[in-house]
Amino acid sequence: MALTNTYIQEKLVEKFNDQVFQFSTDSGILSFESAAENNLKVLQFLYEESSLGFTFLTDLCGVNYPDNKDTELVVVYHLHNFIENIRIRFSIAVPVAKPDVFTATKLFESANWMERETYDFFGINFIGHPNLKRILNVDEMDYFPLRKEFPLEDQTRIDKDDEMFGRG
Amino acid sequence: MEQHSHITLPKGSIEKTTTTLNIGPTHPATHGVFQNIMEVDGERVVSTEQTVGYIHRAFEKLAERRPLYQITPITDRLNYCSSPINNMGWHITCERFLKIDLPKRVDYLRVIIMELSRISDHLICNSIVGVDTGAYTGFLYVMQYRELIYEIYEEVCGSRLTTNIGRIGGFERNFTNTAFTKLEKFLNEYPGVLREFEKLFTRNRIFMERTQGTGGISAARAMNYGFTGPNLRAAGVDYDVRVQQPYSSYQDFDFKVPVGTTGDNYDRFLVRNAEMWESISIIKQAYQKIQEFKGADAEIYHADVPEYYLPKKEDVYTKMEALIWHFKIIMGEIDLPKGQIYSAVEGGNGELGFYLISDGGRTPFRLHFRRPCFIYYQAFEELIKGGMLSDAVVTLSSLNLIAGELDA
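If you read the sequences in order, they're chains A and B.
The working numbering applies: residue 14 is where the first sequence begins, and numbers increase by one.
The working numbering applies: residue 272 is where the second sequence begins, and numbers increase by one.
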C-alpha cells in the first residue's frame, strides 16, 4: 500500500490524539508539530510503526522566531521513508528561557552532530546527548550566533546608508 | 620528580598504554582541513575524535541578509569539487519555491553541467584514494580531464572552481559552439581515459588489498548514520535523489544506480567509477536531446520570469520595464512568498538539501544547508576503529569529505 500523507496523519492522530497538531502540506511534504516533551515518542513511533517506517533522519536544524512568545526556538526534523519514498517534516518549539529538548541520538546516530550544530548556533539544550559541545564555532564563544538577536551587520553604523537597498 | 611538581599532567596520562596522535588540522595525509585526535595502540586505531569547523564561514547567517540570487556564490563554496551541482541545487530550490517552470532545453543543459561536475568530483575522489594507497599516476592522468571539464564551465559561465553558474530560471547565456565542441572532445576522449584509469586500479592487487575490507559499514548502520550518495550506495542501498525525486527532468534519462555490498573503501571506489560511466551516458543522452531542438527552440536558455531573471543589457538601456526589473533584481527589492520548502539534489557526495523558510521578506528568514559530508563524517570513528592508521587515511579520502562543505 502506498503510503500517503493522509494515512500518516490519521495514524499519528490515532496514536497521539491532540498531542500532534498544526498539520499542513507545504510543497508536497506533510508538516506537523507536537509538544517538545513528546518529540521522542513521536520520532520513535514514526520509526518503529511498521506501516510508517521513517527510519532515515535527513536533516535536523533549529529556527529562531523571536516574536513567538514562549516558542522562540524551533527544532525541525526532516524524516524520510526510503521504501515508500516519502518525506515528512516534524517540528517542536521551546521557549528561549528554557530550551530543553530530548536528544534523538538513541534513535539516529546521525542526530549527534546535527544536534551539536543546533546547540552551537541556537543554544538548544539536548537532554541526554552524549557529547553536547560546540562543533563549528570556537569553544570560548558565549553566545548563539544564529539567533535573530545577533544582527549580521552592526545596525548602528552611520557611514553606510542601507535604506535604499531594502535591507535597512 | 620533585623539581617538576609544577607541571600538571592530565589524569591517567602516565598509566595509559595508548599514544595520543594529533593529525591535522593541516597534514600531508589529509586533503583539506581535517583534525583528528587519535588514540593509537602501535599502529592500530583505538579511538578518534574529529574536530571540524576550521573553515566555518557562517553561510547560514550570511544567507539571511541576501536576496536569493546573491546566495548562489555562497553555495559554490560548499562542495567546491562540484560547485555547479550546488549552484543548480540552489536554483532548483528557488524555482520550486517560486513555482517557476523551466523549458526542457534548460533542464537538459543543466543535466549536462551537473553530470560533468559529478564526474569531476568522483574522479578527484577516486584518484586521491589512489594517491593515498601509493599510486600517483592515475591522479595525474585524470587531472587533465578535470581541466577539460573546467574549460567547459569556463566557456559557459566564465569561471572554473567557484562557478556561480546559471541563474534562477536558467543560464546567464546560451552555450557557445566552443562549449559544445569541448563537450564533444570530452565525450570522445574521456571513456578511454576512464577505462585506462580502471585498468590501473580495479584489479590491481596492491590497491585491492589496501582497500578491501577497510572502512566498511553495513547498510543499516550507514542509514542510521545518515549516509547518502555513493557512500550509502556502496553499502547496498540504492537511494539516489535523481531517481527518487527527479529534478531537472532526470526522469527523461535512462541510467542505472550502481550499488556495492560491503560499504568498504573498495566498494566506494567501484561505485564511483560505475557512476562516472552512467554520467557519461546521461551526458550523451542529454546532448542528443539538445540537438533535437531546432530553430527558435534551440536558442532557449532561460525561463520567462522577469521578476527573477535579469533582462538583456541592451533592453535595460532602451526599455523602461527592463530597466525597472533590472533595478529591482539587483537591489533585491522583490518580496518572496511566505512558506517553506525542503528541496534536495544528488550532490557529488550525497543528498545536498536546502531548507528554506521565508516570512515574506526579501531575503530568506532561515536557510539551512543539509551538507551530506557533515552528517556522514560522524561515522568515521566507527569506520576506522581497530584498523591500521594507514587505512584510516585511505578511509578519510574515500569518504569524499570536502572541508568547505563540512564547515559551511
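No wet-lab data here; the hints were simulated from the structure.
Mixed in with the good hints there might be a few duds.
[Unchecked claim] Chain A is faced by these chain B residues, among others (derived, beta-carbon under 7 Å):
no.: 1; residue: His327
no.: 2; residue: Phe330
no.: 3; residue: Gly610
no.: 4; residue: Arg641
no.: 5; residue: Ile646
Cβ atoms here follow ideal geometry from the backbone N, Cα and C, with glycine treated the same way.
Inset, instruction - Run the structure past the numbered hints and jot down the numbers of the failing ones, going up. - result: 2
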